[in-house]
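The lines below spell out each chain.
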Amino acid sequence: MSDNIDTPSTQEQPPSSAQEAETNEKAPAAPPSLIFLADRIREKFPEAVIAAKEWRGDLAVTVTREALHAICRFLRDDPEMDFDYIVHVSSVDWPDEPERFEVVYEVYSIRKRHRIRIKTRVPEHDCIVDSMTDIWRGAEFMEREVFDMMGIRFRNHPDLRRILMPDDYTEGYPLRKDFPLQGKGWRDTFEFLNDPAN
Amino acid sequence: MAHLEDQRSTVYHVDPSHPETDTLPTLRTEELLLNMGPQHPSTHGVLKVILELEGERIVKSTPVMGFLHRGVEKLAEHGTYHQFIPHTDRLDYVCAMYNNFAYCRAVEKLMGITVPDRAEYLRTIVAEVQRIIGHLFWLGTQALDIGAMTVFFYTFRDREILLDWFDELCGARLTTSWYRIGGVERDFTPELEQKIRKFLDYFPPKIDEYVVFLERNRIWLARTKGVAVISAEDALSFGLSGPTLRGSGVDYDLRKYESYGAYPRCEFSVPVGKNGDTYDRYWIRIEEMRESIKIIRQCMDQMEPGPIMADVPSVTLPPKERVFTNLESMIQQFKLFSQGFDAPVGEIYCGTEAHKGELGFYIVSTGGGRPYRLKIRAPSFIHMGAFDHMARGYMIADAITIFGTYDIVMGECDR
Numbered sequence: 001m002s003d004n005i006d007t008p009s010t011q012e013q014p015p016s017s018a019q020e021a022e023t024n025e026k027a028p029a030a031p032p033s034l035i036f037l038a039d040r041i042r043e044k045f046p047e048a049v050i051a052a053k054e055w056r057g058d059l060a061v062t063v064t065r066e067a068l069h070a071i072c073r074f075l076r077d078d079p080e081m082d083f084d085y086i087v088h089v090s091s092v093d094w095p096d097e098p099e100r101f102e103v104v105y106e107v108y109s110i111r112k113r114h115r116i117r118i119k120t121r122v123p124e125h126d127c128i129v130d131s132m133t134d135i136w137r138g139a140e141f142m143e144r145e146v147f148d149m150m151g152i153r154f155r156n157h158p159d160l161r162r163i164l165m166p167d168d169y170t171e172g173y174p175l176r177k178d179f180p181l182q183g184k185g186w187r188d189t190f191e192f193l194n195d196p197a198n
Numbered sequence: 199m200a201h202l203e204d205q206r207s208t209v210y211h212v213d214p215s216h217p218e219t220d221t222l223p224t225l226r227t228e229e230l231l232l233n234m235g236p237q238h239p240s241t242h243g244v245l246k247v248i249l250e251l252e253g254e255r256i257v258k259s260t261p262v263m264g265f266l267h268r269g270v271e272k273l274a275e276h277g278t279y280h281q282f283i284p285h286t287d288r289l290d291y292v293c294a295m296y297n298n299f300a301y302c303r304a305v306e307k308l309m310g311i312t313v314p315d316r317a318e319y320l321r322t323i324v325a326e327v328q329r330i331i332g333h334l335f336w337l338g339t340q341a342l343d344i345g346a347m348t349v350f351f352y353t354f355r356d357r358e359i360l361l362d363w364f365d366e367l368c369g370a371r372l373t374t375s376w377y378r379i380g381g382v383e384r385d386f387t388p389e390l391e392q393k394i395r396k397f398l399d400y401f402p403p404k405i406d407e408y409v410v411f412l413e414r415n416r417i418w419l420a421r422t423k424g425v426a427v428i429s430a431e432d433a434l435s436f437g438l439s440g441p442t443l444r445g446s447g448v449d450y451d452l453r454k455y456e457s458y459g460a461y462p463r464c465e466f467s468v469p470v471g472k473n474g475d476t477y478d479r480y481w482i483r484i485e486e487m488r489e490s491i492k493i494i495r496q497c498m499d500q501m502e503p504g505p506i507m508a509d510v511p512s513v514t515l516p517p518k519e520r521v522f523t524n525l526e527s528m529i530q531q532f533k534l535f536s537q538g539f540d541a542p543v544g545e546i547y548c549g550t551e552a553h554k555g556e557l558g559f560y561i562v563s564t565g566g567g568r569p570y571r572l573k574i575r576a577p578s579f580i581h582m583g584a585f586d587h588m589a590r591g592y593m594i595a596d597a598i599t600i601f602g603t604y605d606i607v608m609g610e611c612d613r
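Those protein sequence lines, which keep their order, are chains A and B. Its first residue numbered 1, the first sequence is counted upward by one per residue in this note's numbering. Its first residue numbered 199, the second sequence is counted upward by one per residue in this note's numbering.
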């Protein structure tokens with residue numbers, strides 16, 4: 001996570017310069033930078049913003065866990081931000097880093113037509129963040145999925161249960177990086193009708 | 199909902215003015231818990247909903263999902279970017295093409311690839327054909343579920359024509375995998391182009407035919423008008439998208455908001471409903487089919503011959519005929535499939551307007567040939583989050599209309 005603010009750079013672009021020129025000619029005007037959104041959050045919550053990065057036209061802002069709820073409320077209620085639409089809630093596992101899990105909220109403003117990704121980090125021994133269900137109601141199911149798959153808990157969530165895995169599933173959280181792709185054996189415990197072994 | 203609340207409070211009253219009221223035994227009333235699904239035909243797969251009922255009215259509903267969970271997101275972390283395309287077919291298996299499209303666009307955004315013009319047109323045409331197929335499927339099954347059987351045969355007749363094209367185009371009717379990162383797998387043949395043009399004239403009168411079946415059917419009207427109502431504000435807060443959101447009067451359509459493919463070069467309108475009920479969503483889907491025909495026609499007229507795959511050898515696949523005749527191309531293909539291409543470090547989200555709603559892919563890359571994390575924003579899953587809110591106060595039978603109103607497919611919901 002770098003601290004500096006990147007603008008979309010051309011160095012990663014694999015195509016040759018000729019194709020580059022053609023691309024620019026064809027594409028309509030490049031979408032305006034969204035970095036002003038990050039600046040505004042930083043203005044309002046100077047301590048909370050850890051990093052802001054814009055890449056490929058997506059703006060991602062990393063904030064502290066404590067300020068996450070207040071920032072999300074600000075994002076929805078501030079007339080200049082106006083993020084009324086929740087796109088997805090996701091999570092990423094970085095097992096080698098001290099704050100292991102990353103919770104990602106992506107929101108969109110239908111009226112202003114801009115998009116922002118708010119991220120926060122939580123350590124493994126205390127993986128809990130505030131639920132955004134009271135801000136965007138759609139967060140309820142999305143957060144349940146994050147809990148189910150990654151084991152991150154959400155404070156003040158109305159109904160934090162497993163959603164895709166069975167309620168009595170005890171093998172842990174399948175999308176964590178230390179969970180093997182083949183599973184941990186639970187699915188081999190079922191009996192089948194025509195199984196010659198039985 | 200106010201009138202529904204009133205009705206609910208009067209359901210169990212024993213008439214106090216009745217002369218024999220005192221002699222009647224006291225009626226014991228209690229809430230009934232009803233398990234609906236997972237083997238209920240109208241749940242379109244394996245969805246279970248626990249309904250708490252007061253008489254026939256739904257007091258609370260709890261969707262139970264995950265019967266079709268296959269861990270697609272986990273699988274994505276263990277394969278290359280190219281290898282994940284066939285997995286996307288199995289998300290929303292009714293509309294595989296659009297899933298391919300959404301995924302390929304996301305990877306192209308990650309890699310910074312621009313797709314050549316002809317490929318953009320081909321992709322847009324096939325995506326719109328797929329949208330028509332999706333809406334025809336929805337129209338037939340939704341009407342069938344709530345008691346109007348006839349239209350099912352008509353929509354499936356026309357859906358067959360389109361699926362046969364897919365068969366001709368890529369050899370499969372449902373699990374197509376025709377889109378490739380940077381372009382498409384193969385071009386239309388002249389015969390196929392002719393068939394498409396013929397269909398453009400054949401289809402619009404057929405839409406009017408379906409409309410006649412339904413809009414003069416009083417039962418169907420009674421079961422869709424004013425059922426599964428959601429306000430625009432609530433719909434946004436729940437993150438609904440596609441016709442489910444537009445039925446409530448929000449014109450959020452990514453084809454217009456963040457235009458992609460050949461859509462910016464086509465003229466079309468986005469139908470928007472007023473009442474936010476199932477009937478409005480039906481109307482939107484019917485109108486969208488007409489708009490799709492317009493888009494396909496414009497694309498067919500504007501399309502010019504040209505390459506169908508971006509020329510970025512480190513990422514895109516070589517044409518098949520070169521793979522069989524040229525050693526370098528064969529090595530290139532082999533390396534791309536076995537090791538993948540080297541993606542830059544970064545993360546992107548790319549949403550695409552599938553016929554159900556916003557289908558998005560969030561990809562985190564730490565370099566190398568495999569995604570570090572791939573998250574699928576599946577509209578069916580997010581729509582189910584609003585189910586309880588939309589079902590309260592309605593009858594049990596309306597629960598079926600509400601599944602239908604989302605156009606739910608469990609493969610996508612459970613992933």
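Keep in mind that the hints were calculated from the coordinates and are not lab data. Positions of the beta carbon are idealized from the N, C-alpha and C atoms, including for glycine. Errors might be hidden in some of the hints.
[What the hints assert, rightly or not] Taking lysine-lysine and the DSBU-like style, the derived pairs with C-alpha atoms no more than 35 Å apart in a straight line are:
(1) K307/B with K177/A
(2) K423/B with K177/A
(3) K533/B with K112/A
(4) K112/A with K472/B
(5) K307/B with K112/A
(6) K177/A with K472/B
(7) K258/B with K272/B
(8) K246/B with K177/A
(9) K44/A with K454/B
(10) K44/A with K423/B
(11) K184/A with K492/B
(12) K492/B with K112/A
(13) K533/B with K184/A
[What the hints assert, rightly or not] With the Cβ distance kept under 7 Å, some of the chain A side facing chain B (calculated, not the full set):
(14) I86
(15) R137
(16) G172
(17) P174
(18) L181
A quick look at each hint next to the structure:
Annotation: proposed proximity of K307/B to K177/A holds, straight-line Cα distance about 25 Å (limit 35 Å). Distance restraint check for K423/B and K177/A: the Cα-Cα separation of roughly 48 Å exceeds the 35 Å cut-off, and the hinted pair is therefore not satisfied. Distance hint between K533/B and K112/A is unfulfilled; the C-alpha atoms sit about 44 Å from each other, more than 35 Å. With a CA separation close to 22 Å, the supplied pair K112/A and K472/B stays within the 35 Å bound.
Distance hint between K307/B and K112/A is fulfilled; the C-alpha atoms sit about 22 Å from each other, no more than 35 Å. Straight-line distance between C-alpha atoms of K177/A and K472/B comes to about 46 Å, which puts the hinted pair past the 35 Å bound. Note on K258/B and K272/B: the hinted pairing holds, with a Cα-Cα distance of about 33 Å set against a maximum of 35 Å. This hinted pair checks out: K246/B and K177/A have alpha carbons roughly 30 Å apart, not beyond 35 Å.
In summary, the hint linking K44/A to K454/B is supported, as the alpha carbons are separated by about 32 Å, within the 35 Å threshold. About 46 Å separates the Cα atoms of K44/A and K423/B, which puts this hinted pair outside 35 Å; it is violated. Restraint check for K184/A and K492/B: not satisfied, since their Cα atoms lie roughly 52 Å apart, outside the 35 Å limit. For the hint pairing K492/B with K112/A, the CA-to-CA distance comes to about 28 Å; that is within 35 Å, so the pair holds.
A hinted pair counts as satisfied when its Cα atoms are at most 35 Å apart, and K533/B with K184/A qualifies at roughly 32 Å. Evaluation of the I86/A hint against chain B yields a held restraint, the C-beta minimum of about 4 Å falling below 7 Å. Annotation: interface hint on R137/A holds; nearest CB of chain B at approximately 5 Å, less than 7 Å. Interface restraint check for G172/A: the shortest CB-CB distance to chain B comes to about 13 Å, outside 7 Å, so the restraint is violated.
The restraint placing P174/A at the interface with chain B holds, with a minimum CB-CB distance near 6 Å, inside the 7 Å limit. Checking L181/A against chain B by beta carbon gives a least distance of about 5 Å; that is within 7 Å, so the hint holds.
The structure is inconsistent with the numbered hints 2, 3, 6, 10, 11 and 16, although it conforms to all the rest.
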